[in-house]
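A.B. asks: So the chains spell out like this:
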Amino acid sequence: MTAAERYPLRTRLLHWLTAVLVFATLLVGFFMVSSLGSYGALVSVHMTLGVSILVIVVVRAANRCTHRTPKLPSTVGGFEHKIVVGSELSMYALLLAQPLVGWAMVSASGQRVVVFGVCSLPRIAPFDADLYFGLRQTHSVLAYLLVAVVAAHVSAVLLHTLTLRDGMLSRMAFGRRATPRKPNHPPARAERGKLPG
Amino acid sequence: MLPQRLVSLTRSSQLGVVRLVGVDQPPRTGLNWRGTPLTRRSMLLGFGAVGAFLAVDLGAVAYANKWIGAGAALTRATFIAGFESVFGTHPGFRRNHAKGVAVVGYLDATGNGRELSRAAVLGPGRYPVTGRFSLTGGNPFVTDAPGAARGLGLAIGYPDGPQWRTAMLNLPVFPDNSPQGFYDRMFASQVIAATGKPDPAKMAAFLKAHPETAAAMDVMKRHPPTPGFADSTFSSLNVFHLIAESGARTPVRWSFVPRQAAFAPAATGDDVLFDALVRQLKTTPLQWDLHFTVGQPDDPIDPTLPWPSDRRVVDAGTLTLTAAETELAGNARDVNFDPLVLPDGIEPSDDPLLSARSAVYAASYRARTGEPKSPSAVQVDQVTP
Chain A
-7 MTAAERYPLR TRLLHWLTAV LVFATLLVGF FMVSSLGSYG ALVSVHMTLG
43 VSILVIVVVR AANRCTHRTP KLPSTVGGFE HKIVVGSELS MYALLLAQPL
93 VGWAMVSASG QRVVVFGVCS LPRIAPFDAD LYFGLRQTHS VLAYLLVAVV
143 AAHVSAVLLH TLTLRDGMLS RMAFGRRATP RKPNHPPARA ERGKLPG
Chain B
209 MLPQRLVSLT RSSQLGVVRL VGVDQPPRTG LNWRGTPLTR RSMLLGFGAV
259 GAFLAVDLGA VAYANKWIGA GAALTRATFI AGFESVFGTH PGFRRNHAKG
309 VAVVGYLDAT GNGRELSRAA VLGPGRYPVT GRFSLTGGNP FVTDAPGAAR
359 GLGLAIGYPD GPQWRTAMLN LPVFPDNSPQ GFYDRMFASQ VIAATGKPDP
409 AKMAAFLKAH PETAAAMDVM KRHPPTPGFA DSTFSSLNVF HLIAESGART
459 PVRWSFVPRQ AAFAPAATGD DVLFDALVRQ LKTTPLQWDL HFTVGQPDDP
509 IDPTLPWPSD RRVVDAGTLT LTAAETELAG NARDVNFDPL VLPDGIEPSD
559 DPLLSARSAV YAASYRARTG EPKSPSAVQV DQVTP
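First to last, the sequence lines map onto chains A and B. For the first sequence, this note's numbering assigns the number -7 to the initial residue and increments by one for each residue that follows. For the second sequence, this note's numbering assigns the number 209 to the initial residue and increments by one for each residue that follows.
In isolation and in its complexed conformation, chain A is listed as follows:
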């Protein structure tokens, strides 16, 4: 059995950068709308994080076309493969849509998105209160969808890596390459007997 194939380094870096930014942006977003004291300061942080994700996701989408993806382990069947592809596509779609909806929502309220405290972005939607409300609701719905899709994504990778021990995580990991366990080979009885009850 050969070591699992990996994504190119640039793809892995972009992935983990996105992961950190998405967690941060979602949590800052949820926190700021329930906080009176730090709302003012966090809005600009949230906008800056969101626009950064938008840029990174566009780069990632382009980068995604530059290489083949490493083979999925044999533990992924035909149906699960479809789920893997669907969840990757939906994450790209959500990560692209969410910052754009946020930007459009701010635009529809007649304001500008300001990133890094200085750079004021042009408005991308007309000043319209009804449109604002639709976009504002959408922004919340997409946020919870992102929470759900990310939770499913992480859970699936954890189950593959820890339960099936198929080296799923190592495709996106750094450091020493883990050799996946050989499939179809149950552990020895003696080993199983030692497990806590």
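Treat each hint with caution, since some may be false.
To be verified - Far from chain B, by Cβ distances over 10 Å, these chain A residues were calculated: (1) P0; (2) G78; (3) T155.
As the list claims (entries may be wrong) - To give an idea of the chain B side of the interface with chain A (calculated C-beta under 10 Å), a few residues: (4) L246; (5) L266; (6) N273; (7) A285; (8) K429; (9) P433; (10) W515; (11) T534; (12) A537; (13) V549; (14) L562; (15) S563.
No lab work stands behind these hints: they were computed from the structure. Here the structure is a predicted model, which means the values were calculated and not measured. Idealized CB from N, CA, C, for every residue including glycine.
With chain A held as given, fit chain B onto it using these hints.
C.D. replies: Relative to the frame of chain A, chain B by itself:
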């Protein structure tokens, strides 16, 4: 190796319970996933990790949303519920300063403000303004009372330039210096239907607990309101910082100081203050001078405390309002006069009320933009010049 028959069985069912029967070894039980056995150990590890991750992940989401661990902390939702509890529900209207009329005009900046701030809207020139006069409280059909605090919201540079939004009052100081104080005062001054007045015992208890409000009310008593909107001085009350080209930060409060006397309000009617304003605007443009009061480093940012009267004043320009408009879709009705929408060159101070105002205004804006609209009390075309 498992018999081929069973491999195909488990493939088709993905997660299969494999029971070997009728072969030459004793029956045994095991779970597998596409041929990879699932041991108790591997299941514990995998599902344990998933459980731990979800607990941390969803716990963080719940904590950030203040669904857990927040106790009785004030949130924007508390404020919105508070306004609705005190003033009733009025769909489509602002939760506070619900009664109002839209205005348009422009700011002619002298350029004097550029000494203290690099803000583009303070450079010499004319900048479009959309604004709104209002009365305090969450009832959009309240009868105009001379003592009710008057508001003026302005979006300077609106809609396409770098905007400076401000929501000001015709008061010399603000009654509260904390969100909690504001919230508690709203309930302490709630009008009791039977008497038409707030409960005096409640108000006395509130003022005892909030000496800063008692002191601010003394200052207000020495600066009684003028007869109308047109002759009111509207002030930021909160402290902001102006940032110069050099990076120097100067604490300021700003005021719009009227250049005219106000038309006398009619003797009777529900909208005497607004009608007088609209009538005057139909006759002539109205003007206010923009004054920046320059604070000293030790001057308080607490909005209940006035600054010494000898502070330097920079006359930065003149606001001219040319017309009143009934609140309608697309005009100031749909503008959130968020005090933290500021151009580069103007920054908020550490006054905790600024962030709280911004948060509650945003919640009010989100709520009302999703609600059905009904006509505002002040109908400009029904006011005869």
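A.B. asks: Failing hints, ascending?
C.D. replies: The structure conflicts with hints 3, 8, 9, 10, 11, although it agrees with all the remaining ones.
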